[in-house]
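Novice: Read off the chains here:
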Amino acid sequence: MMRYLLRRLAHAFFLIIGVSVLTFLFTTLAPGNYFDEMRLNPQIAPETLAALRAQYQLDQPLAIRYASWVNSVLHGEIGFSFAYNSPVAPLLLVRAKNTLLLTLTATVVAWAIALPLGVWSAERLGRLPDRVISWSTAVLLVIPDLALALGLLVLALRTGWFPAGGMASVDFKSLSSLNRIRDLARHMTLPVVALVLSTLPILVRHVRAAVADVLHAPFLLAAEGHGIPPRTLLYRYALPAAANPLVSLFGFSIGALLSGSLLIEVVMSWPGLGPFLLEAILARDIYVVIGGVLFSTIFLAAGNFLADVLLYWVDPRIRTESASR
Amino acid sequence: MTRRRKIVFWLFVLGGLHGIVLCAGFFAPYDPVEQDRINPYLPPMHLHIVDAEKHLHLRPFVYASRLRPGTFDQYVEDIRQTRPLKFFVAGAPYRLFGFLPARLHLFGDGKERIYLLGTDAFGRDQLSRLLFGGQISLFSGLLGAGFTLSIGWCIGAAAGYYGGWRDDMLMRLVELFLALPWLYLLFAVRAFLPLTVNPLKAFFLIIAVIAAVGWARPARLVRGIVLSAKERDFVRAARGFGASSFYILRRHILPETSSVLLTQAAILIPQYVLAEMTLSFLGLGVPEPVPSWGNLLSNLQQYSVLVSYWWMYLPALVMAPFFLGYLGLASALQESSDAYKIEKRSLGSLA
Numbered sequence: 001m002m003r004y005l006l007r008r009l010a011h012a013f014f015l016i017i018g019v020s021v022l023t024f025l026f027t028t029l030a031p032g033n034y035f036d037e038m039r040l041n042p043q044i045a046p047e048t049l050a051a052l053r054a055q056y057q058l059d060q061p062l063a064i065r066y067a068s069w070v071n072s073v074l075h076g077e078i079g080f081s082f083a084y085n086s087p088v089a090p091l092l093l094v095r096a097k098n099t100l101l102l103t104l105t106a107t108v109v110a111w112a113i114a115l116p117l118g119v120w121s122a123e124r125l126g127r128l129p130d131r132v133i134s135w136s137t138a139v140l141l142v143i144p145d146l147a148l149a150l151g152l153l154v155l156a157l158r159t160g161w162f163p164a165g166g167m168a169s170v171d172f173k174s175l176s177s178l179n180r181i182r183d184l185a186r187h188m189t190l191p192v193v194a195l196v197l198s199t200l201p202i203l204v205r206h207v208r209a210a211v212a213d214v215l216h217a218p219f220l221l222a223a224e225g226h227g228i229p230p231r232t233l234l235y236r237y238a239l240p241a242a243a244n245p246l247v248s249l250f251g252f253s254i255g256a257l258l259s260g261s262l263l264i265e266v267v268m269s270w271p272g273l274g275p276f277l278l279e280a281i282l283a284r285d286i287y288v289v290i291g292g293v294l295f296s297t298i299f300l301a302a303g304n305f306l307a308d309v310l311l312y313w314v315d316p317r318i319r320t321e322s323a324s325r
Numbered sequence: 001m002t003r004r005r006k007i008v009f010w011l012f013v014l015g016g017l018h019g020i021v022l023c024a025g026f027f028a029p030y031d032p033v034e035q036d037r038i039n040p041y042l043p044p045m046h047l048h049i050v051d052a053e054k055h056l057h058l059r060p061f062v063y064a065s066r067l068r069p070g071t072f073d074q075y076v077e078d079i080r081q082t083r084p085l086k087f088f089v090a091g092a093p094y095r096l097f098g099f100l101p102a103r104l105h106l107f108g109d110g111k112e113r114i115y116l117l118g119t120d121a122f123g124r125d126q127l128s129r130l131l132f133g134g135q136i137s138l139f140s141g142l143l144g145a146g147f148t149l150s151i152g153w154c155i156g157a158a159a160g161y162y163g164g165w166r167d168d169m170l171m172r173l174v175e176l177f178l179a180l181p182w183l184y185l186l187f188a189v190r191a192f193l194p195l196t197v198n199p200l201k202a203f204f205l206i207i208a209v210i211a212a213v214g215w216a217r218p219a220r221l222v223r224g225i226v227l228s229a230k231e232r233d234f235v236r237a238a239r240g241f242g243a244s245s246f247y248i249l250r251r252h253i254l255p256e257t258s259s260v261l262l263t264q265a266a267i268l269i270p271q272y273v274l275a276e277m278t279l280s281f282l283g284l285g286v287p288e289p290v291p292s293w294g295n296l297l298s299n300l301q302q303y304s305v306l307v308s309y310w311w312m313y314l315p316a317l318v319m320a321p322f323f324l325g326y327l328g329l330a331s332a333l334q335e336s337s338d339a340y341k342i343e344k345r346s347l348g349s350l351a
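Note that the protein sequences, when read in sequence, are chains A and B.
For the first sequence, the positions run 1 to 325 when our numbering is used.
For the second sequence, the positions run 1 to 351 when our numbering is used.
Excised from the complex, chain A in its bound form:
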């Protein structure tokens, strides 16, 4: 058990190192830097700019920059934002919290809908409910996220049922705590709906396929022969047997918590990681970009690791396999 987990952990660790090297490599491809725009300003002397560049080590070769960045990461500091003139980590944390609030809710809702829907669809394979579900998931798959988000935004603006974008009303500070929660919920509704609708079809299809795969297995027929009621059969016998691909998928949705909602955040102007990163890209604030990519990679690695642990717990085949090794 420990060896298996340690191997997965080492794997995740190397992944994060690899990503950091890769993002740094890409920064060398960048023509220009954050301070280039200041060159146009006649009030800033070229010497000042050179000094600024030297201060942030932008005039150093890549290897040295990477080494000093790793050094600062080891000291608990993942970079410095030029635009905000402040360390990157606290800036990212605030946005990441907003993103997580959104995506955690959406993930929970999406799985809570997808599991029963997928099982139901697999149970009635080829019959009317299955056909209806298959067709509606196909329709949802075909509509791009962007169209979905924009459509919901139009709905919000036309009807005024929901606020269009943002995370809080202007008078948020003056509201009582109960009203604050209500206000937040109202702002969250549309992005959450957009996220759920964009992830739901994939989840439902996977659940359906996984359950349909085991539904005709001999052990289920035997269990049915023993007179076990269909509901127990479905949820206690079929679903655990179908869990393997679903656990991997679940790990993936945990991993995508930080990176999956980028576009919807931008369209719905949710103050999360997405718009922040976009802004940093446009301003060439490279350490913010590197930090953001690193944050979401850590989440992805953590999601994969979680999936591995869960798989070990859920699927006896993996346990025996790693024990025999």
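No lab work stands behind these hints, which were simulated from the structure alone.
Note that the coordinates shown come from a computational prediction; the quantities given were computed from them, not determined experimentally.
Among the clues, some could well be false.
[To be verified] A short, non-exhaustive set of chain A residues, derived as facing chain B with CB atoms under 7 Å:
id, residue
1, 16
2, 17
3, 18
4, 21
5, 83
6, 140
7, 147
8, 154
9, 155
10, 262
11, 263
[As the list claims (entries may be wrong)] Negatives, chain A to chain B, calculated, CB over 10 Å:
id, residue
12, 15
13, 35
14, 94
15, 97
16, 98
Just so you know, even glycine gets a beta-carbon here, dropped at the ideal spot from N, CA and C.
Start from chain A and add chain B according to the hints.
Specialist: Frame of chain A, contents of chain B only:
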């Protein structure tokens, strides 16, 4: 429908849709960047065959638009002025398939302009922009998938065929790229390239970025197939006869991987079209005035446009039939390969 029929059907659908976009110059009545500044945000003109006096016309026509009296941004149909739709007329010059100079358009009206899908802020014809925008968006998806698959195939085949430390090294790299949050990586790579570039450069930049980020998944799939294919008897026989590695890869292993490559293409192309749309929507892709589905949609970032002019939303929906085609093709392809697998499995259990 048999699987074969399904595949052929979806290929036909996709072929038709892409054909229309490929011949955008012919189907589009105007040049996509030609402005008509006195008609901004003109709503789509409706096609009529019965006029205000209840006379039936054989030739469909539209009414000219004019400003509603007292307003400056609302149009009404002007029932005194009809504009009949003429088919196969000469109009704005364009290049068919990018090189054949032509002037023939499917429909138009020599002097007066007809806007079947309305106009944008500069009075540019939305229909023409949609069609020409499709060229950019679809072909960046197609070319991106083409590059991704070729890079992926080369790396996957090399890893699977040569094995050993090369395989280990390449697969670690693949795992690295697979684990990256790919939209973020796309952004990060794009972030470190020049922001303002001319449209043609931007187009190839997007394709390069997409290919640089996406090659890992096909590489892994191809490697798996090559691993099993290189142990097949006919490959061993060819090697025994002294065939070179290159010959074996090209002649015996490439055909084995073709079904996976096709399925991957059907999955990747829409994903990459979407990637182009996302980048252009956020202003990181193909810049104005050249249309692409992404930058057509970027107008909608202004709330006033989003609420007032519904026809600006059409580029988002035009994607759907293409996606449907690719989804249908991908599932038909997967179905056939799955059935093959099941068949083999059941045969194996009998033996």
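Novice: Is the interface hint for residue 18 of chain A satisfied, with its Cβ closer than 7 Å to some Cβ of chain B?
Specialist: holds (4 Å)
Novice: Given residue 262 of chain A as an interface hint, is its Cβ closer than 7 Å to any Cβ of chain B?
Specialist: At 6 Å from the nearest chain B Cβ, residue 262 of chain A passes the 7 Å test, so the hint holds.
Novice: Test the statement that residue 97 of chain A is away from the interface with chain B: the closest C-beta pair must be farther apart than 10 Å.
Specialist: Its Cβ never comes within 10 Å of chain B, the nearest being 18 Å, so this holds.
Novice: Tell me if residue 154 of chain A is really an interface residue toward chain B, meaning its C-beta lies closer than 7 Å to one of theirs.
Specialist: For residue 154 of chain A, the interface hint holds, since the closest Cβ of chain B sits about 6 Å away, which is under 7 Å.
Novice: Taking the closest Cβ pair, is residue 83 of chain A under 7 Å from chain B?
Specialist: Cβ of residue 83 of chain A sits 13 Å from chain B, so the hint is violated.
Novice: Holds or violated: residue 16 of chain A as interface residue toward chain B, Cβ cutoff 7 Å?
Specialist: Check failed: Cβ of residue 16 of chain A comes no nearer than 9 Å to chain B, outside 7 Å.
Novice: Report holds or violated for the interface hint on residue 21 of chain A, using the least CB-CB distance to chain B and a cut-off of 7 Å.
Specialist: At 9 Å from the nearest chain B Cβ, residue 21 of chain A fails the 7 Å test, so the hint is violated.
Novice: Would you say residue 15 of chain A is clear of chain B, with no C-beta pair closer than or equal to 10 Å?
Specialist: Given that some Cβ of chain B is not farther than 10 Å from that of residue 15 of chain A, nearest at about 5 Å, it is violated.
Novice: Would the hint on residue 155 of chain A be counted as holding, given a Cβ-Cβ threshold of 7 Å to chain B?
Specialist: violated (11 Å)
Novice: Residue 35 of chain A clear of chain B by more than 10 Å, beta carbon to beta carbon?
Specialist: Nearest chain B Cβ is 15 Å from residue 35 of chain A, so the label holds.
Novice: Beyond 10 Å from every chain B Cβ: check whether that's true for residue 98 of chain A.
Specialist: holds (17 Å)
Novice: Hint validation: residue 17 of chain A versus chain B, beta carbon distance must be below 7 Å. Holds or violated?
Specialist: violated (9 Å)
Of the hints listed earlier, those the structure fails to meet are numbers 1, 2, 4, 5, 6, 9, 12, in rising order.
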